[in-house]
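*Asks:* Now for the letters of each chain:
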Amino acid sequence: MKQRKERPPFYGLMAEFDNPTDVVAATRRTYEAGYRRIDAFSPYPIEELSEALGAFGVKMPRIVLAGGIFGLVGGFMMQWYLSVINYPLNIGGKPLNSWPAFIPITFEVTVLCAALAGILGMLALNGLPEPYHPVFNTPNFALASRDRFFLLVEARDAKFDHAQTAEFLRSLGPREVTDVEY
Amino acid sequence: MASIDPSQDDVGIHVTPYPVIEPGHTFGSVTDKISSLTLKRRTPLGWFIGFGISFAFANILLFAIAYLVLTGIGVWGNNIPVGWAFDIINFVWWIGIGHAGTLISAILLLLRQSWRTSINRFAEAMTLFAVSCAAIFPLFHTGRPWLAIYWLFPYPNTMNIWPNFRSPLMWDVFAVSTYATVSALFWYVGLIPDFATLRDRAQSKPFKIAYGILSMGWRGSARHWARYEKLYLLLAALATPLVLSVHTIVSFDFAVGIIPGWHATIFPPYFVAGAIYAGFAMVLTLTIPLRKFYGLEDFITMRHLRNSAKVMLATGLIVAYGYMMEAFTAWYSASEYEGFMMKNRIYGGPYWWAYWLLISCNVLIPQVLWMKRARHSTVVLWIISLVVGVGMWLERFVIIVTSLHRDFLPSSWAMYRPTIIDFATLFGTIGMFVMLLFLFIRFLPVISIFEMRTILPQAEVKEEEA
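If you read the sequences in order, they're chains B and X.
Residue numbers 1 to 182, in the numbering used here, belong to the letters of the first sequence in order.
Residue numbers 1001 to 1466, in the numbering used here, belong to the letters of the second sequence in order.
The shape of chain B in the complex, shown without the other chains (with noise of 0.2 Å):
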């Protein structure tokens, strides 16, 4: 019989450390221990915490070089079509398409675009703006933007069990482990 996982009732479990060296050890242990759906917050950018939990961030240089290169296209081509086709001026004997006149403004279009696609895509990735989440609910989370480091398992995990998992976070020596409410 098919059954229709029910939601659980809580979003996850929240350890909370107060150093980056222990949170980061924590983390490896968690990942290595097989959960996936985890996260860490801290108050700063950690690479090493990152990595921990395998995020890289490799998809910003893409997203930037696209948006470089949809600039670097169309700001060449915006001066190409408007000189050359839809309202060409003779300027000084100049050819319509005098292309070295156009580089600089194709250049600040590609750095504009660039730019543009890197903050609207590290916000689209990050899912931001989020005003409301979950995790804000766990005691002590204003924390994370001061002095304070915790590490999430998410509920949803597959290998999440209450009891198991909340022996396992407290092995890990964090100062406490909370469950994070809806």
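There could be a bad hint or two in this list.
DEER-style ranges, computed between Cβ atoms [what the hints assert, rightly or not]:
no.: 1; chain 1: X; residue 1: Asp-1407; chain 2: B; residue 2: Ile-91; range: 16 to 26 Å
no.: 2; chain 1: X; residue 1: Pro-1145; chain 2: B; residue 2: Phe-10; range: 50 to 60 Å
no.: 3; chain 1: B; residue 1: Ile-91; chain 2: X; residue 2: Val-1069; range: 27 to 37 Å
no.: 4; chain 1: B; residue 1: Ile-85; chain 2: X; residue 2: Ser-1335; range: 33 to 43 Å
These are calculated hints, taken from the structure and not from any lab test.
Ideal Cβ placement from N, Cα and C applies to all residues, glycine included.
Fit chain X to the given chain B structure using the hints.
*Replies:* Same frame as chain B, but now just chain X:
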């Protein structure tokens, strides 16, 4: 932003006696100290006085612009042959000041100069406000800015005409508007994690909501940080050539023309160096009082001031080389007009005093910075930074006015005298700039909090224990 490798001690914080952050700080103390400037501390009386004075000057700007729009650009001192004067002088001056912000936030990031961390937020704000001031001048020089849209931007209009993309003035429109947009976005992206900090610290509901909206719900997820860090680095890599291109293109406004005194290939590098020179001068002009009044000496240490002074000294020498090459090229070209222009500029013409004032401000007086004692005195640094600010304004005055006021035909020769409205607009933009800075100091974190956390020794992950 990048975490610091302790083996690269020269850029690290372990260097004594001038660390980039005073020892003994923790994540908590850095967070509390910077966020308390916006959240807890009562607004000091001095803030109201400073804001009030700058607000009054900003109103003078409004008056000057309203009078200009209602009357026409004849209220300025521009004439024929000096068709470009205060408007372009002030435009280039402000744009130049903006350049240090991007240099500090982008170029020094790529060069892994960790000392940039405590001043980049402030310098980026300075960039944005300076670019806003700059944009006012060309916009209102058009006289009827509401019509200027179709001269400036290629959009399909009912007249079916398009701008001329071969003109440096069009390049300038694209360069400056791209620069303003990218700087604003770079600044905002840098602020997102700090808005989250302020959201979590704020006591009053309206502030919590306002910072909550601005933070976009940032929660410090490591997956988010990974993309964020990549993006930040990529933006720095994009902003670096951008900032160089902007002043290069500004210099093309002159160099592409055939006016003696403008038509020189030295202009792009010489303008970029001058922009950084003026920008660092402005950084010092603003940070020296700021760190004093807000007690930020722990974060903006003597090391920052000393390094800024060294950058000023170096770029000042490049600018001095530019002045020498201008004179040399005028002589070496054997062009009668170039030679006359240079003689007229230096000793023969009515504006000789402006040239020598410029040389004193930009070349002679800053040589004091060779002395270690001068670099370590905040008073001396502050005075020199003001002198350089004035000098860089004079540089643009000399380049523009002395090149134009003696036309090819002596019958067209004329003098240029700025009017009171010219001065009201210049001092009005200074008022607006300072007013915006006061608002910035009051409502936003003046130092990047999350980046300050990364330069603390305890921010490092100890690999042997992890």
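*Asks:* Does 33 to 43 Å hold as the CB distance between Ile-85 of chain B and Ser-1335 of chain X, or does it fail?
*Replies:* holds, 40 Å
*Asks:* Has the hinted range 50 to 60 Å been met by the Cβ atoms of Pro-1145 of chain X and Phe-10 of chain B?
*Replies:* holds, 58 Å
*Asks:* Is 16 to 26 Å right for how far apart the beta carbons of Asp-1407 of chain X and Ile-91 of chain B are?
*Replies:* holds, 23 Å
*Asks:* Using the C-beta atoms of Ile-91 of chain B and Val-1069 of chain X, is the stated range 27 to 37 Å upheld?
*Replies:* Since Ile-91 of chain B and Val-1069 of chain X have Cβ atoms about 31 Å apart, the given range 27 to 37 Å holds.
When each numbered hint is compared with the structure, no violation occurs for any of them.
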